[in-house]
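The sequence shown runs 7 to 270 under the working numbering.
Think of the hints as simulated: they come from the structure by calculation, not from any bench.
Hints are supplied without guarantee of correctness; some may be wrong.
Cβ pair distances, simulated, as ranges [to be verified]: (1) 73 with 270: 50 to 56 Å; (2) 74 with 247: 52 to 58 Å; (3) 38 with 154: 30 to 36 Å.
Calculated lysine to any residue pairs in the SDA-like style (CA-CA distance at most 25 Å, straight line) [unchecked claim]: (4) 192 with 232; (5) 192 with 175; (6) 192 with 253; (7) 192 with 149; (8) 192 with 112; (9) 192 with 205; (10) 192 with 269; (11) 192 with 239; (12) 192 with 151; (13) 192 with 70; (14) 192 with 204; (15) 192 with 224; (16) 192 with 218; (17) 192 with 144; (18) 192 with 146; (19) 192 with 268; (20) 192 with 179; (21) 192 with 176; (22) 192 with 252; (23) 192 with 113; (24) 192 with 109; (25) 192 with 137; (26) 192 with 220; (27) 192 with 238; (28) 192 with 141; (29) 192 with 203; (30) 192 with 266; (31) 192 with 172; (32) 192 with 223; (33) 192 with 83; (34) 192 with 85.
For glycine and all other residues, C-beta sits at the position ideal for the given N, C-alpha and C.
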Amino acid sequence: MAARTLDLLDDLVAHGRAAITTAEAADALGIPQDQVRVRMHRYVQQGRVIAPARGLWVPVPPQHRVYGALPGLQMIDLLMVHLGRDYYVGWLSAAEVHGAAHQAPQALQVAVSAPVPDRTFGRVRLQFATRARVADVPREQAAAATGLVWVATPATTALDLVDDPDRSGGLSNAATVIAELADDEKLTDDALAHAAAHFPITTVRRLGRLLDSLNLPALTGGLERLASEHRRAPITALDRHRAPDGPVDHRWRVAVNTEIDPDL
Numbered sequence: 007m008a009a010r011t012l013d014l015l016d017d018l019v020a021h022g023r024a025a026i027t028t029a030e031a032a033d034a035l036g037i038p039q040d041q042v043r044v045r046m047h048r049y050v051q052q053g054r055v056i057a058p059a060r061g062l063w064v065p066v067p068p069q070h071r072v073y074g075a076l077p078g079l080q081m082i083d084l085l086m087v088h089l090g091r092d093y094y095v096g097w098l099s100a101a102e103v104h105g106a107a108h109q110a111p112q113a114l115q116v117a118v119s120a121p122v123p124d125r126t127f128g129r130v131r132l133q134f135a136t137r138a139r140v141a142d143v144p145r146e147q148a149a150a151a152t153g154l155v156w157v158a159t160p161a162t163t164a165l166d167l168v169d170d171p172d173r174s175g176g177l178s179n180a181a182t183v184i185a186e187l188a189d190d191e192k193l194t195d196d197a198l199a200h201a202a203a204h205f206p207i208t209t210v211r212r213l214g215r216l217l218d219s220l221n222l223p224a225l226t227g228g229l230e231r232l233a234s235e236h237r238r239a240p241i242t243a244l245d246r247h248r249a250p251d252g253p254v255d256h257r258w259r260v261a262v263n264t265e266i267d268p269d270l
């Protein structure tokens, strides 16, 4: 019986199938569903399969067993579909997909439509953040070895990096990554303006100020039009963790309370 379980896992790997549910495994093995976990236990211990969520089994091909799991980018869509979550890979992980991550993120950063606990499998870490209207924010599909994956567009990535600098390695690192996206001509004025409609005006202002500091005026027109509709909103602190002290950039109504020092 155990050999049949191993044969099933090996067959999934051989045929490029990245996951199987408990119901499918029970049917393939001809056993009740409540026995599947018992059958899988020894192979979990051996690193041949992981269970990223209840009822989902992901075989680990030999080349990935040293890491403890498939790479996060290859596993995320399988997990999100199983959990029924809208999602996109975001922040530094999205920047890496777009070829612009200055430093490889230590975890796959994912925006989700409803809370999902962070998960770690060996060296593979999945880090989640709940975001409103995940399916409405501009995102696109990128190819992974296991299929297509939802990833923030370059414009959404730029806004996310500024919106949550704690996930971006700070504003200076966010500026570095955004400059790399701009150098690769992956950012446009129109795309930024379209994506910015889904973010707080404070984020729009901060990104505008940051783009000015990077001398990228061609990317600020749409953001400035959007910001001009909120002139009566209180002054925005460039660093949201500090008081809005320091000189005010009146174009963006941003108090410059920190220095941006990108690694360019």
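Going down the list of hints, with the structure as the test:
{"no.": "1", "hint": "73 with 270: 50 to 56 Å", "verdict": "32 Å, violated"}
{"no.": "2", "hint": "74 with 247: 52 to 58 Å", "verdict": "34 Å, violated"}
{"no.": "3", "hint": "38 with 154: 30 to 36 Å", "verdict": "34 Å, holds"}
{"no.": "4", "hint": "192 with 232", "verdict": "21 Å, holds"}
{"no.": "5", "hint": "192 with 175", "verdict": "21 Å, holds"}
{"no.": "6", "hint": "192 with 253", "verdict": "31 Å, violated"}
{"no.": "7", "hint": "192 with 149", "verdict": "17 Å, holds"}
{"no.": "8", "hint": "192 with 112", "verdict": "24 Å, holds"}
{"no.": "9", "hint": "192 with 205", "verdict": "19 Å, holds"}
{"no.": "10", "hint": "192 with 269", "verdict": "19 Å, holds"}
{"no.": "11", "hint": "192 with 239", "verdict": "30 Å, violated"}
{"no.": "12", "hint": "192 with 151", "verdict": "23 Å, holds"}
{"no.": "13", "hint": "192 with 70", "verdict": "31 Å, violated"}
{"no.": "14", "hint": "192 with 204", "verdict": "19 Å, holds"}
{"no.": "15", "hint": "192 with 224", "verdict": "13 Å, holds"}
{"no.": "16", "hint": "192 with 218", "verdict": "17 Å, holds"}
{"no.": "17", "hint": "192 with 144", "verdict": "14 Å, holds"}
{"no.": "18", "hint": "192 with 146", "verdict": "13 Å, holds"}
{"no.": "19", "hint": "192 with 268", "verdict": "18 Å, holds"}
{"no.": "20", "hint": "192 with 179", "verdict": "18 Å, holds"}
{"no.": "21", "hint": "192 with 176", "verdict": "21 Å, holds"}
{"no.": "22", "hint": "192 with 252", "verdict": "32 Å, violated"}
{"no.": "23", "hint": "192 with 113", "verdict": "23 Å, holds"}
{"no.": "24", "hint": "192 with 109", "verdict": "18 Å, holds"}
{"no.": "25", "hint": "192 with 137", "verdict": "23 Å, holds"}
{"no.": "26", "hint": "192 with 220", "verdict": "15 Å, holds"}
{"no.": "27", "hint": "192 with 238", "verdict": "32 Å, violated"}
{"no.": "28", "hint": "192 with 141", "verdict": "21 Å, holds"}
{"no.": "29", "hint": "192 with 203", "verdict": "19 Å, holds"}
{"no.": "30", "hint": "192 with 266", "verdict": "22 Å, holds"}
{"no.": "31", "hint": "192 with 172", "verdict": "23 Å, holds"}
{"no.": "32", "hint": "192 with 223", "verdict": "15 Å, holds"}
{"no.": "33", "hint": "192 with 83", "verdict": "24 Å, holds"}
{"no.": "34", "hint": "192 with 85", "verdict": "28 Å, violated"}
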